[in-house]
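Per this note's numbering, the very first residue in the sequence shown carries number 1; after that it's consecutive.
Everything labelled a hint here was simulated from the structure, so no lab data went into it.
The reader is advised that the hints may include incorrect statements.
Derived Cβ-Cβ restraints for the label pairs, each shown as a range [to be verified]: (1) 150 to 46: 15 to 23 Å; (2) 94 to 63: 25 to 33 Å; (3) 174 to 144: 17 to 25 Å.
Don't be surprised by glycine CBs; every beta carbon is placed ideally from N, CA and C.
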Amino acid sequence: MKKGLKLLILSDLLIIMSFGLISPILAIFIKDSLVGGTAFAAGISISVALLVKSLLEIPFGKIEDHNSKKRFLIIGTFIISFVPLGYFFIKTVYHLYFIQFIYGVGAAMAFPAFGALFLRYLDRSKAAYEWSIYGTVVGLGTAITAFLGGFVAQKFSFDTLFLVTFVVSVIGTFVLFKIPAEHLKPLKKKV
1 MKKGLKLLIL
11 SDLLIIMSFG
21 LISPILAIFI
31 KDSLVGGTAF
41 AAGISISVAL
51 LVKSLLEIPF
61 GKIEDHNSKK
71 RFLIIGTFII
81 SFVPLGYFFI
91 KTVYHLYFIQ
101 FIYGVGAAMA
111 FPAFGALFLR
121 YLDRSKAAYE
131 WSIYGTVVGL
141 GTAITAFLGG
151 FVAQKFSFDT
161 LFLVTFVVSV
171 IGTFVLFKIP
181 AEHLKPLKKK
191 V
């Protein structure tokens with residue numbers, strides 16, 4: 001497995017695992033801790049993030065085809081990493097919707113770049129195997145952190161959980177800086 005692919009998997013493992021801490025119980029936080037927090041507000045917040053991501057992903061993908069995918073991946077992932085810190089400070093569902101909007105922008109930047117870099121580093125003769133490593137590692141990591149997230153929130157607090165998520169996801173973002181430098185430049189256009 002190529003170094004770049006290992007780094008992408010490690011980064012995503014840290015980021016997705018960290019968000020796995022809060023994803024299963026975020027609706028409880030919204031309902032119990034935010035002014036205007038309801039199950040419906042939790043649903044709206046997820047919709048906001050997914051709509052923004054979906055509307056911006058294609059434009060970002062087109063831009064990234066002619067620019068540094070690593071740069072867009074790092075910027076988008078940093079944006080995503082700061083979302084849990086936003087949860088730490090919010091008081092109303094309107095703050096939540098704004099944070100989810102920001103999450104959608106970061107995801108729209110990061111996802112196409114991640115996919116393009118993953119494919120670039122993928123060994124074509126072992127594509128299914130390398131994808132299965134990614135899926136297994138991230139899936140197992142998320143399963144473990146989903147369990148731990150509920151425990152940490154109950155034993156300590158949501159604030160502790162958000163801070164841990166923030167720190168681990170920022171570490172995951174820093175891993176991306178280790179991707180080989182030759183991928184900072186965009187691919188040359190074919191004439």
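Now the hints, each set against the structure:
1. Taking 15 to 23 Å as the suggested C-beta distance range, the pair residue 150 and residue 46 conforms, at roughly 19 Å.
2. Judged by the Cβ atoms, the range 25 to 33 Å given for residue 94 and residue 63 holds: they are separated by roughly 30 Å.
3. Separation of residue 174 from residue 144 is about 22 Å and conforms to the stated range, judged on CB atoms against 17 to 25 Å.
In this structure, every one of the numbered hints holds.
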